[in-house]
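So the protein lines, in turn, are chains P and Z. Read in order, the letters of the first sequence correspond to residues 7 to 382 in the numbering used here. Read in order, the letters of the second sequence correspond to residues 7 to 382 in the numbering used here.
Hint data in this document are derived by calculation from the structure and do not stem from the laboratory. Any given hint could be a false lead.
Any copy will do: because identical chains look the same in the list, a pair fits if it lies in one copy or spans two.
Stated by the list, open to error - For lysine to aspartate or glutamate, the following EDC-like pairs were computed, each having C-alpha atoms within a straight-line distance of at most 16 angstroms:
id, residue 1, residue 2
1, Lys69, Asp309
2, Lys130, Glu251
3, Lys227, Glu201
4, Lys333, Glu29
5, Lys130, Glu110
6, Lys69, Glu270
7, Lys333, Glu47
Fair warning: this is a prediction, and the values are worked out from it, not measured in the lab.
There are 2 protein chains.
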Amino acid sequence: MAQRTVADHDNLTTYEISALNAEIGVSDGHPRQRPSPGQREVLNSLPRLLAEVETEPFEELEKRAQRGFLSAIGQQAAPVAAGRVLSAYSSSLAMDVVGRALAERSARVGLVHPTFDNIPDILKAWGIPLVPLEEEQLVEGQIPAPVGDLDAVFITTPNNPTGTFLSEPALRQIGEACVERGLLLVLDVCFRGFETRFQYDTYALLEEVGVEFVLIEDTGKLWPTSELKLGFIGFSSACSLALSEGMSDLLLSVSPLVLRLVGELAGQAEEGGFAELHRLVAENRRVLTAALAGTSARVVDPDSRISVARVELPAEATASDVYEQLKEGGLHVLPCGPFHWAGQAEEERYVRIALGRDRDLIEAAAERLRDHFLVD
Amino acid sequence: MAQRTVADHDNLTTYEISALNAEIGVSDGHPRQRPSPGQREVLNSLPRLLAEVETEPFEELEKRAQRGFLSAIGQQAAPVAAGRVLSAYSSSLAMDVVGRALAERSARVGLVHPTFDNIPDILKAWGIPLVPLEEEQLVEGQIPAPVGDLDAVFITTPNNPTGTFLSEPALRQIGEACVERGLLLVLDVCFRGFETRFQYDTYALLEEVGVEFVLIEDTGKLWPTSELKLGFIGFSSACSLALSEGMSDLLLSVSPLVLRLVGELAGQAEEGGFAELHRLVAENRRVLTAALAGTSARVVDPDSRISVARVELPAEATASDVYEQLKEGGLHVLPCGPFHWAGQAEEERYVRIALGRDRDLIEAAAERLRDHFLVD
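Generate coordinates for the entire structure from the input sequences, incorporating the hints supplied.
Encoded structure:
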């Protein structure tokens, strides 16, 4: 038996790993739909792109990719030219570097609750004390008490799995509160490619507010590129964290080929690719929602646009049991318990269904779910 | 100015980053030679490989790539089938996961000295107390005192930048000493693809000795694949470190496409590709050595076969000064000071020259060096 497919799952990723070979795998939030014709064309041109990057100065290539991706998601003010955007192999690696830098400052961090558990796990591994901040209050622009002894606030926006995001007024209010209280603001914005309402220029807003900030960006949730992806760390001019130093211990540079690939896909996304992706996710959410109508379960977060959906279970069911029952039939979903890293009571009420899949797979998953939850 | 090309270099990688666009860049040890015709053929087939991996079960693909690569470098007993080989985006990420697991055990680590500074830097970031172990004694099979309060021994073999490696008797002796004293043995074997004398089956030997061990393997030093690469962590059946847990916080899976690419290149390496690579490195070392004959500098470590060479400077020169002088002429070398992470006196005596380059670039670098060090 493989070491990583442990029987007693210790975190959400181990559930996702054990679903990698599933008959119907809607466990992980990675993009697993078939590439669109345009994306396939870019992927077919990989050898040409490789030949081209071999002669291109690295710094120009990196800055062009960063600018291309970040402006495709509305971030014109991202500090690419100023050298305040760092590239990493993935957003989790970026998170690890941020965790290390926060630990060096002995920061006490207020972290959104619930959220994907590798965030609290990475921060805890670095010895960082965490205080849960409920997302209901954060989206209202409030940093829930107690904050007296916080050094930083860490918010996933849009949040995973709920899709909740900070509106412009809410983010401004939180930024201003951070300035007032001397707090660093860290935003994990990995899912923002799906949420056009969170594509207002965050860098411009936060620099205007004058808050010390770190943003973690991600290309990895969007395009089916066999995990060829990038994470980015963008940070404020006033940022005192040792981010460049930590990153240089972990990598010399990301792949020139992947930089080029991201640049090409970002360009294509702006010219209709994003709209197509957003339609796929919206349609998959509708299919799932419709299939569960009239059953004892239901899709919640109707306003969410990110590539996962939460399903609320009937009162008598638990996520752990439902996960096991569905798995026996070859359907892998993700039980939501571990998202509730501070251990709230509602943790067993939800499972998560990935929507970054082809329509036929979602239909198959939806049918199984409907059969399972159909009230006799 | 870019944030990462800091003026006052804090580690070796920042020197290497500032050399990425150099006229003659022999700073970093990454493979930057032109792909061989066979490698180019594999790279040209990336679109086909991508289409193939889209339908292949991930676990099989991963195990096949791990087995292909590890057996190409003599590691038939690597515990692939047992699930005790973990894949990562890079060897540095693997190192980070090992550092985290050592920190969880509050391990005090004896670390080879000198070695590439990102190893002590990553371990120190995790709060791990380090004790320097001189490589001269380690290669004799001795763990230098004091070891009374060590929990683990960490050895880079072949070592960077010296190329020194542990012979089979020396490794056996160190393994046995670790068993006797209850020490965990960690080996960074990232450069072993160049050193056939360190391709005896390390896993078989260490399992026979019965020592608790962790090995960090790397495909990233070998082939010019635009940084598409993998790091692996192989560990003993008796290994108590929480490696899988740490890895699952940082990644769900590596890229199926990169797994396939590594498998293809490993197969090709066994069938002549490694011999060709070893010839390139040996010829480049000869060119450099010959060019410096009769000058005030000289190539040392004549027995080394790894893809970097150390150049000893004349007594009156320092590595920092020579680095700056050569850089003004467009030649980027790596000053060896930071390799001596425990701060020994000889640290300013060497610069390092990368050999994983095309012959003409090495000739150009060698000529500049000869001009610089020619005794009037």
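Hints, one by one, checked against the model:
With identical chains, the CA atoms of Lys69 and Asp309 are never at most 16 angstroms apart, being 34 angstroms at best within one copy and 41 angstroms at best between copies. Taking CA atoms no more than 16 angstroms apart as the test, Lys130 paired with Glu251 passes between copies only; the shortest distance there is 13 angstroms, against 21 angstroms inside one copy. Taking identical chains as interchangeable, the C-alpha atoms of Lys227 and Glu201 lie at most 16 angstroms apart only when both belong to the same chain, with a minimum of 12 angstroms there against 39 angstroms between chains. Only within a single protomer do Lys333 and Glu29 lie at most 16 angstroms apart by alpha-carbon distance; the minimum there is 9 angstroms, versus 57 angstroms between protomers.
For the homomeric pair Lys130 and Glu110, the shortest alpha-carbon distances inside one copy (13 angstroms) and between copies (11 angstroms) are both at most 16 angstroms. Taking the shortest alpha-carbon separations for Lys69 and Glu270, only the intra-copy value of 13 angstroms comes in at or below 16 angstroms, while the best inter-copy value is 31 angstroms. In this assembly of identical chains, the alpha carbons of Lys333 and Glu47 never lie at most 16 angstroms apart, being 35 angstroms within a copy and 42 angstroms across copies at closest.
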